[in-house]
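Chemist: All chains, please: the whole structure from these sequences, using the hints.
Okay, so the sequence shown: first residue is 1 according to full-length UniProt numbering, each after it adds one.
Hints listed in this document are in silico derivations from the structure and should not be mistaken for laboratory results.
We treat Cβ as the ideally placed atom computed from N, Cα and C, and that holds for glycine.
One or more of the hints may lead you astray.
Here are the simulated lysine to aspartate or glutamate pairs, DMTMM-like style, with alpha carbons at most 25 Å apart [as the list claims (entries may be wrong)]:
| # | residue 1 | residue 2 |
| --- | --- | --- |
| 1 | Lys49 | Glu86 |
| 2 | Lys94 | Asp72 |
| 3 | Lys88 | Glu133 |
Simulated DEER-style distance windows between Cβ atoms [said to hold, decoys possible]:
| # | residue 1 | residue 2 | range |
| --- | --- | --- | --- |
| 4 | Gly355 | Lys333 | 46 to 54 Å |
| 5 | Glu185 | Asn244 | 39 to 47 Å |
| 6 | Glu314 | Gly121 | 47 to 55 Å |
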Amino acid sequence: MGKKKARSNSRESAPVGNTLPFGQAGTVAVGSKEKSKCDVEQLLSQAEKCIDQFQFELAHKFCLRAIEREPDNLKALETAGHVLMELKQHDAGKQFFLKAVEFQPDLGHAKYMYLGQTEQGESSVRYFLKGIEVMLKEKELNNELSKAAEGSTTPAEVEYYASERDISSAYCAIAEIYMTDLCLEEGAADKCQENVEKAVAADPQNPEAYQLKAQFLMNIEKIEEAKEMIEKSVSLWLPQLQENDDDIPENMPGVSYDTRIVTSKILIELELYETANEVLFTLLDETDEDPHVWYLMGYAALLESSKRKGDEAEDCLTNAREYLQSALKTYHKVEFDDAEMLKHIQEMIEKVGPGEDEEAAPEAAGNVSEVDFETDGENEQTSDKTENTEAAKPMEQDD
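Modeler: In structure tokens, the structure reads:
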């Protein structure tokens with residue numbers, strides 16, 4: 001399938017999909033609550049408030065008190081695991097999720113999503129598949145209760161619930177593993193494609209699914225189809241973001257800063273420079289002090305200049321010069337740490353040459369050195385944004 005690439009496990013702070021940090025864990029409401037149950041729920045309510053305020057250590061204390069009162073409470077176990085992940089205590093957090101699996105293996109999918117993210121390779125796939133199995137059962141249960149409650153004045157209450165987006169995102173996670181950890185395994189390309197298609201089928205409005213499909217198509221060198229898929233992905237969120245950037249749901253897929261970085265790299269690789277620019281400008285609206293964004297804008301403009309002629313080519317070079325100079329300036333201002341990116345910025349500035357009002361420099365020979373971004377497994381970037389990626393080599397389709 002191609003060169004094996006490491007998959008980042010930077011997503012442990014939240015489950016795959018739009019699942020809440022607590023996996024919407026609980027039970028189907030039947031009858032009255034006992035006092036101890038109320039005490040546990042009050043403790044977990046306090047833990048949730050602490051999490052909302054990023055007070056994770058205090059939240060952990062509330063979780064432990066809840067578990068002392070009710071050791072097999074799934075919501076308490078999952079919340080404790082989530083909090084420990086936020087505190088970077090991954091091994092300890094994993095133990096709470098494993099306990100949740102032991103007590104309730106077929107109820108509550110969030111624990112499997114977390115475990116899938118903490119594992120690698122086949123082990124990760126098994127957790128995601130189990131999570132999908134549980135989610136499908138949850139969805140079926142929800143549908144049955146909804147039908148049973150039709151015409152009733154008391155709506156059915158189901159705290160375990162998986163949405164189409166949750167299921168789709170889990171399939172995306174599996175497909176990503178077959179593009180990274182398991183890319184050298186026999187049949188990896190077919191399994192990747194199978195899970196990508198299931199992701200699209202589960203939620204046809206999930207931008208993540210179409211973006212991952214674009215990456216897969218790039219790997220098997222179906223470039224035109226890849227362009228269609230990434231454009232489909234972007235169309236599901238970019239227009240809304242551009243028109244209503246003050247009123248976008250926080251959990252809207254495709255809108256997170258890091259996801260847009262990855263999207264722009266894919267668009268640049270596919271020579272969709274105009275759309276890449278639109279995506280990158282949404283990042284500039286948030287901050288103009290990220291050298292990575294200026295770098296990508298300058299690189300895209302320089303590449304586009306080679307596809308244009310006359311005044312259009314000159315306009316691209318002018319933009320590239322401005323963006324790259326901003327990249328260099330902000331790189332030093334914020335003390336960014338990416339020597340490879342800095343070197344490429346300096347090389348491109350030399351190739352672009354000075355503007356009309358700048359001192360002439362010796363003409364740089366040669367073409368623009370292109371950078372192939374390794375976007376497989378990069379749907380969630382590390383927070384410091386220091387990773388400079390390489391080419392993802394073509395994935396061979398299994399016969």
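Chemist: Now tell me, hint by hint, if it's right for this structure.
Modeler: Right, here's what the structure says about each hint:
1. Lys49 - Glu86: The hint holds at about 15 Å.
2. Lys94 - Asp72: holds, 16 Å
3. Lys88 - Glu133: violated, 28 Å
4. Gly355 - Lys333: 46 to 54 Å: Violated, since Gly355 and Lys333 (Cβ atoms, about 21 Å apart) do not stay within the stated range.
5. Glu185 - Asn244: 39 to 47 Å: Hint holds: Cβ distance 43 Å, inside 39 to 47 Å.
6. Glu314 - Gly121: 47 to 55 Å: Given a distance of about 50 Å, which is inside 47 to 55 Å, the answer is holds.
Taken one by one, the earlier hints fail for this structure at numbers 3, 4, listed in ascending order.
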